[in-house]
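Just so it is clear: in the sequence shown, position 119 is 119 by my numbering, and no numbers are missing.
Check each hint, because a few of them may be wrong.
For lysine-lysine, the following DSS-like pairs were computed, each having C-alpha atoms within a straight-line distance of at most 30 Å [as the list claims (entries may be wrong)]:
(1) Lys53 with Lys25
(2) Lys143 with Lys62
(3) Lys143 with Lys156
(4) Lys82 with Lys217
(5) Lys62 with Lys181
(6) Lys82 with Lys170
(7) Lys168 with Lys217
(8) Lys27 with Lys44
(9) Lys181 with Lys170
(10) Lys16 with Lys27
(11) Lys201 with Lys143
(12) Lys181 with Lys156
(13) Lys143 with Lys82
(14) Lys181 with Lys25
(15) Lys156 with Lys217
(16) Lys156 with Lys201
(17) Lys201 with Lys44
(18) Lys16 with Lys99
(19) Lys143 with Lys44
(20) Lys143 with Lys25
(21) Lys217 with Lys27
(22) Lys143 with Lys16
(23) Lys168 with Lys27
(24) Lys143 with Lys99
(25) Lys27 with Lys82
(26) Lys156 with Lys44
(27) Lys143 with Lys170
(28) Lys53 with Lys217
(29) Lys201 with Lys217
(30) Lys62 with Lys27
(31) Lys82 with Lys156
(32) Lys25 with Lys44
(33) Lys156 with Lys25
(34) Lys62 with Lys44
(35) Lys44 with Lys181
(36) Lys53 with Lys170
No wet-lab data here; the hints were simulated from the structure. Just so it is clear, the structure is predicted and the values come from calculations on it, not from any experiment.
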Amino acid sequence: MNLVTISDSIRENLIKHEVIPDVIKDKSFVPKGLLIISYGSPDKEVVLGNTLKVEDAQSIPKITFTVNLNEEQEIASFFDEKFTLVVTDPDAPSRTDNKWSEFCHYVVSDLSLSTKSGTTDAEDQVNFTTDLKVDTIPESDSKTLVPYLGPGPPPKTGLHRYVFLLYKQKPGVSLEGPDPKNRPNWGTGIPGSGVSDWAAKNSLSLLAVNFFFAQNKDN
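Based on the provided sequences and hints, a complete structural model is requested.
Laid out in structure tokens, this is it:
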């Protein structure tokens with residue numbers, strides 16, 4: 001399966017689980033690549049709407065990004081760019097009550113692509129898989145604007161969607177991060193507001209998305 005087909009599959013899942021339009025307001029969004037999220041073992045990977053245990057997602061995961069050349073032909077430019085990764089919960093405190101939505105779980109900016117590995121598939125499409133340098137790596141120049149906070153869904157609130165979004169930063173634009181002490185509504189005080197408004201304010205371009213579900217044991 002090539003990345004164009006994968007992008008279509010990702011989009012279908014985003015629509016099915018209403019990440020589009022609950023989090024991604026642009027209903028025409030097409031992923032520019034594959035965002036792979038791993039919490040340390042195959043059974044703890046984020047796979048477009050699978051369910052993980054709350055306790056398995058309490059540490060910053062490993063992030064890998066595979067660029068879709070059919071969507072972004074200038075692969076070389078990606079290694080000169082900076083990126084921002086966020087995690088947001090649109091179901092706070094629950095899917096039917098958005099008074100805290102969206103809840104900001106993580107914002108890290110100035111990420112860079114650390115490796116260049118190319119493979120050619122049967123259709124002669126080159127796939128570049130790259131690791132994102134997150135702030136747990138000493139040589140990283142990334143900046144944590146909001147420290148990582150693992151899932152903490154309240155009891156009796158059902159499944160929550162935890163959405164990872166990777167953005168490309170606009171050169172020369174300094175990001176104004178949400179207040180890490182004011183995570184509900186991404187600090188706006190407006191129920192239902194969140195990362196899309198913040199990204200637009202900071203001139204960020206959405207590249208890739210992944211998400212998982214988690215719920216409190218007391219459900």
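Hint-by-hint comparison with the structure:
1. Lys53 with Lys25: 28 Å, holds
2. Lys143 with Lys62: 16 Å, holds
3. Lys143 with Lys156: Measuring from Cα to Cα gives roughly 35 Å; hence the hint is violated.
4. Lys82 with Lys217: Since the Cα atoms of Lys82 and Lys217 sit roughly 38 Å apart, the hinted pair is violated (cutoff 30 Å).
5. Lys62 with Lys181: Given pair Lys62, Lys181 holds - Cα atoms ~25 Å apart, limit 30 Å.
6. Lys82 with Lys170: At roughly 8 Å apart (the allowed maximum being 30 Å), Lys170 and Lys82 satisfy the hint.
7. Lys168 with Lys217: 36 Å, violated
8. Lys27 with Lys44: 29 Å, holds
9. Lys181 with Lys170: Status holds; Cα separation ~26 Å.
10. Lys16 with Lys27: 12 Å, holds
11. Lys201 with Lys143: 18 Å, holds
12. Lys181 with Lys156: 25 Å, holds
13. Lys143 with Lys82: 11 Å, holds
14. Lys181 with Lys25: 25 Å, holds
15. Lys156 with Lys217: 9 Å, holds
16. Lys156 with Lys201: Distance ~34 Å between Lys156 and Lys201 Cα, so the pair is violated.
17. Lys201 with Lys44: Roughly 33 Å separates the two Cα atoms, so the pair is violated.
18. Lys16 with Lys99: Within the cut-off at roughly 23 Å; holds.
19. Lys143 with Lys44: At roughly 26 Å apart (the allowed maximum being 30 Å), Lys44 and Lys143 satisfy the hint.
20. Lys143 with Lys25: Measuring from Cα to Cα gives roughly 26 Å; hence the hint holds.
21. Lys217 with Lys27: Roughly 33 Å separates the two Cα atoms, so the pair is violated.
22. Lys143 with Lys16: The hint is violated at about 33 Å.
23. Lys168 with Lys27: 19 Å, holds
24. Lys143 with Lys99: Holds, at roughly 29 Å.
25. Lys27 with Lys82: 25 Å, holds
26. Lys156 with Lys44: With Cα atoms ~23 Å apart, Lys156 and Lys44 stay inside 30 Å; holds.
27. Lys143 with Lys170: Holds - the C-alpha atoms of Lys170 and Lys143 are around 16 Å apart, at most 30 Å.
28. Lys53 with Lys217: Cα-Cα ~9 Å, so holds.
29. Lys201 with Lys217: 37 Å, violated
30. Lys62 with Lys27: 28 Å, holds
31. Lys82 with Lys156: 39 Å, violated
32. Lys25 with Lys44: Given that 30 Å is the threshold and the Cα spacing comes to 28 Å, the pair holds.
33. Lys156 with Lys25: 28 Å, holds
34. Lys62 with Lys44: Roughly 11 Å between the alpha carbons, so the hint for Lys62 and Lys44 holds.
35. Lys44 with Lys181: Holds - the C-alpha atoms of Lys181 and Lys44 are around 28 Å apart, at most 30 Å.
36. Lys53 with Lys170: Given pair Lys53, Lys170 is violated - Cα atoms ~35 Å apart, limit 30 Å.
The structure fails to meet hints 3, 4, 7, 16, 17, 21, 22, 29, 31 and 36 from the earlier list, while all remaining hints are met.
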